[in-house]
Amino acid sequence: MQRNYLRNPLPPYPWICPTCRGVRTEGYPLCFRCQSHRDHSDGGLADLVVPISYSPRKGQHHHNLRTYKGTAPSEQARWSLLAVLLLFLHDHLACIAKRTGATPTHVTTVPSTRSRPGQHPLASLIGSRLDLPWIACAANSEYGPDDREFHPDWFAPTLGDGPVHALILDDTWTTGARAQSLAYALKSAGAATVATVVLGRHVDPDYPPSKRLLSAIATPVFDTVHCSVEDDGTQVL
Amino acid sequence: MIERAALIALLRRSGTSWSEIALSIQEIGSAATVLDRTVGQRDTLFPETDTAAGLIADAAEEITGWRAEGIGVHAFFDSTYPAQLLGIREMPPLLFTRGDLRVRDRAVAVVGSRSATDEGLRISRAVSTSLANRGVTVASGLAKGIDTAAHTAALEAGGRTVAVIGTGIQRYYPAANRQLQDQISDVGLVLSQFWPDAAPSKQSFPMRNAVMSGYAAATVVVEAGEKSGARIQARLALHHGRPVVLTSQVMQCDWAKAFAENPGVYVARGTVELLDAIDDILSRLPTEAGLENFPDLAIL
Numbered sequence: 001m002q003r004n005y006l007r008n009p010l011p012p013y014p015w016i017c018p019t020c021r022g023v024r025t026e027g028y029p030l031c032f033r034c035q036s037h038r039d040h041s042d043g044g045l046a047d048l049v050v051p052i053s054y055s056p057r058k059g060q061h062h063h064n065l066r067t068y069k070g071t072a073p074s075e076q077a078r079w080s081l082l083a084v085l086l087l088f089l090h091d092h093l094a095c096i097a098k099r100t101g102a103t104p105t106h107v108t109t110v111p112s113t114r115s116r117p118g119q120h121p122l123a124s125l126i127g128s129r130l131d132l133p134w135i136a137c138a139a140n141s142e143y144g145p146d147d148r149e150f151h152p153d154w155f156a157p158t159l160g161d162g163p164v165h166a167l168i169l170d171d172t173w174t175t176g177a178r179a180q181s182l183a184y185a186l187k188s189a190g191a192a193t194v195a196t197v198v199l200g201r202h203v204d205p206d207y208p209p210s211k212r213l214l215s216a217i218a219t220p221v222f223d224t225v226h227c228s229v230e231d232d233g234t235q236v237l
Numbered sequence: 238m239i240e241r242a243a244l245i246a247l248l249r250r251s252g253t254s255w256s257e258i259a260l261s262i263q264e265i266g267s268a269a270t271v272l273d274r275t276v277g278q279r280d281t282l283f284p285e286t287d288t289a290a291g292l293i294a295d296a297a298e299e300i301t302g303w304r305a306e307g308i309g310v311h312a313f314f315d316s317t318y319p320a321q322l323l324g325i326r327e328m329p330p331l332l333f334t335r336g337d338l339r340v341r342d343r344a345v346a347v348v349g350s351r352s353a354t355d356e357g358l359r360i361s362r363a364v365s366t367s368l369a370n371r372g373v374t375v376a377s378g379l380a381k382g383i384d385t386a387a388h389t390a391a392l393e394a395g396g397r398t399v400a401v402i403g404t405g406i407q408r409y410y411p412a413a414n415r416q417l418q419d420q421i422s423d424v425g426l427v428l429s430q431f432w433p434d435a436a437p438s439k440q441s442f443p444m445r446n447a448v449m450s451g452y453a454a455a456t457v458v459v460e461a462g463e464k465s466g467a468r469i470q471a472r473l474a475l476h477h478g479r480p481v482v483l484t485s486q487v488m489q490c491d492w493a494k495a496f497a498e499n500p501g502v503y504v505a506r507g508t509v510e511l512l513d514a515i516d517d518i519l520s521r522l523p524t525e526a527g528l529e530n531f532p533d534l535a536i537l
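Those protein sequence lines, which keep their order, are chains A and B.
To convert, note that position 184 of the first sequence is 184 in this note's numbering; the numbers rise steadily by one, no gaps.
To convert, note that position 52 of the second sequence is 289 in this note's numbering; the numbers rise steadily by one, no gaps.
If you are wondering where the hints come from, they were derived from the structure by calculation, not from laboratory data.
It cannot be assumed that every hint is accurate.
Said to hold, decoys possible - Selected chain B positions facing chain A (in silico; Cβ < 8 Å):
{"no.": "1", "residue": "Ile-258"}
{"no.": "2", "residue": "Ser-261"}
{"no.": "3", "residue": "Gly-266"}
{"no.": "4", "residue": "Phe-314"}
{"no.": "5", "residue": "Ile-325"}
{"no.": "6", "residue": "Arg-326"}
{"no.": "7", "residue": "Gly-478"}
{"no.": "8", "residue": "Met-488"}
{"no.": "9", "residue": "Gln-489"}
{"no.": "10", "residue": "Asp-491"}
{"no.": "11", "residue": "Ala-497"}
{"no.": "12", "residue": "Asn-499"}
{"no.": "13", "residue": "Gly-501"}
{"no.": "14", "residue": "Val-504"}
Stated by the list, open to error - Some chain B residues flagged as far from chain A (calculated, every beta-carbon gap over 10 Å):
{"no.": "15", "residue": "Ser-256"}
{"no.": "16", "residue": "Asp-295"}
{"no.": "17", "residue": "Ala-320"}
{"no.": "18", "residue": "Gly-324"}
{"no.": "19", "residue": "Tyr-410"}
{"no.": "20", "residue": "Leu-475"}
{"no.": "21", "residue": "His-477"}
{"no.": "22", "residue": "Pro-500"}
To be verified - Not everything, but these chain B residues come out facing chain A in the computed CB check (under 7 Å):
{"no.": "23", "residue": "Phe-313"}
{"no.": "24", "residue": "Ser-316"}
{"no.": "25", "residue": "Leu-417"}
Virtual Cβ for every residue (Gly too), placed ideally from N, Cα, C.
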């Protein structure tokens, strides 16, 4: 696997959000977005959010995350993202289980809100490779694709009988509103634990506070042994 | 045809980056729809008089003119577009070609200095001949020196060669390679990401290097100075996640010594090691069968 364009999430420094690993204002426990999700959800969010790599806008990982789907998808992007995701889960699912207290029993993706028909592109990329049942999930059409707020009624997952420990897989985390709305819906529907793994934590280079982050990840090192779950034992949700 | 003309109309309008235009089309699914949404939305002093239909008609006329000259015009969403270029962040939304364009092409880029040494030229020829004999396409940039040696050796070995040029496809640069460029058009492929009449510029060559890296499965840097275009291509190839092979000549440069520490960089001492590295790279390429052959990983 080529990994020169991938970057491990930074540890939760005083200026890095311990949930999403984006930039936070020093002195606050979370970044503005994660705090907003928390305030609107009574804390019923994912137990764990695990970004695999940063994805600066216009970088190669960003390109892959946008072109593995849509018109004229790139085979190489599909291959690379599948490799990154499966190798990460292979190496670090145990870290996730250790933290949430349960190995995932079900997997799901955040439903597309761009009204593309058919299966979610990430779900079709993964196929049956995870050997876990997929949770079907409907999206409330009231909320558009550009909505960046948390909504408790955005998604409606269908859970069967028996305990559910859900693993949400998503391609890009920008504000986290969709992924956290889904985590909330899963918990409301009875999921005991929810862990979210995202391929790319989006970084906007034009957002001035991102400069510090980008300079901290300038050196091209991506260590597959490392995962953000190990960074800190007290992830604040 | 309408979609391709709509893409050209969008690219001809200034103000938005080409990559953003391509990504919008990728998300929305239609260049004509993106154009419809764009026309009339400009914040200008005077009202815009263009209509989407008029812009499409103008672009269609341009395409007809280029085709009459024997120039191929390919949009990224066309079935003729090279699959490997879709995978790089500098994916050109539009390509102009002369010659035999293939959607799938197993290619290795051979690049290096314009002012090459005899030893550099020898290595370039040896590598390109071996690649041609293995049925691997030799991609290069049609510049003097290492590039010219690479193209020529591939042609002499009866192999396929692709010239990724830094000007519009109606131009010849350098002029001394006019005949070589025409020869490659006849039996291989000349490819350009620039408007057909575009002159060479300071920016166009590094942009071309990005596309060459994207076209090839790997880049071999035969010989390079501290500040050459080959160094730029090596850096871009690493950004793309494509392997880079450096020769011992290149390893004399400071940048190459730092580079060699990265994953995906091979250092080859001598032609035999160089070809071993290329064989290793080619054996790891994703196959045409796509994800069906993806290795099985026991995760749970």
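Evaluation of the provided hints:
Against a cut-off of 8 Å between C-beta atoms, the interface hint on Ile-258/B is violated, since the closest Cβ of chain A lies about 13 Å away. Hint status for Ser-261/B: violated, given a least beta-carbon distance of 10 Å to chain A, over 8 Å. Annotation: Gly-266/B was flagged as interfacial toward chain A, and the flag holds, the nearest CB pair being 5 Å apart, inside 8 Å. Interface hint status for Phe-314/B: upheld, as the beta-carbon distance to the closest one in chain A is roughly 4 Å, under 8 Å.
Because the closest C-beta pair between Ile-325/B and chain A is about 7 Å apart, less than 8 Å, the hint holds. The beta carbon of Arg-326/B comes within 4 Å of a beta carbon in chain A, closer than 8 Å, and the hint placing it at the interface holds. At its closest, the beta carbon of Gly-478/B sits 3 Å from a beta carbon of chain A; the interface hint therefore holds under the 8 Å criterion. Because the closest C-beta pair between Met-488/B and chain A is about 19 Å apart, greater than 8 Å, the hint is violated.
Hint status for Gln-489/B: violated, given a least beta-carbon distance of 22 Å to chain A, over 8 Å. Interface hint at Asp-491/B: violated, since its Cβ lies 17 Å from the closest Cβ of chain A, which is beyond the 8 Å cut-off. Annotation: Ala-497/B was flagged as interfacial toward chain A, and the flag is violated, the nearest CB pair being 13 Å apart, outside 8 Å. Against a cut-off of 8 Å between C-beta atoms, the interface hint on Asn-499/B holds, since the closest Cβ of chain A lies about 6 Å away.
A least Cβ separation of about 5 Å between Gly-501/B and chain A falls short of the 8 Å threshold, and the interface hint therefore holds. A distance limit of 8 Å between C-beta atoms decides the matter here; for Val-504/B the minimum to chain A is near 16 Å, and the interface restraint is violated. Interface exclusion of Ser-256/B from chain A breaks down, the closest Cβ pair being 7 Å apart, not more than 10 Å. Every CB of chain A is more than 10 Å from the CB of Asp-295/B (nearest about 24 Å), matching its label as outside the interface.
Not every Cβ of chain A is farther than 10 Å from the Cβ of Ala-320/B; the closest lies at roughly 6 Å, contradicting the non-interface assignment. The claim that Gly-324/B is not at the interface with chain A is violated, since a C-beta of that chain comes within 10 Å of its own (minimum 3 Å). Non-interface call for Tyr-410/B relative to chain A: holds, since the shortest CB-CB distance, roughly 28 Å, exceeds 10 Å. With a least CB separation of 4 Å from chain A, Leu-475/B falls inside the 10 Å interface cut-off, contrary to its annotation.
The beta carbon of His-477/B is not kept farther than 10 Å from every beta carbon of chain A, the shortest such distance being approximately 6 Å. The Cβ of Pro-500/B sits about 6 Å from the closest Cβ of chain A, inside the 10 Å cut-off, so the non-interface label is violated. Interface hint status for Phe-313/B: upheld, as the beta-carbon distance to the closest one in chain A is roughly 5 Å, under 7 Å. For the restraint placing Ser-316/B at the interface with chain A, the shortest Cβ-Cβ distance is roughly 9 Å, beyond the 7 Å limit, so the hint is violated.
Taking 7 Å as the C-beta contact cut-off toward chain A, the hint placing Leu-417/B at the interface is violated, the least distance being around 30 Å.
Violation of the numbered hints given earlier is confined to hints 1, 2, 8, 9, 10, 11, 14, 15, 17, 18, 20, 21, 22, 24, 25; the remaining hints are satisfied by the structure.
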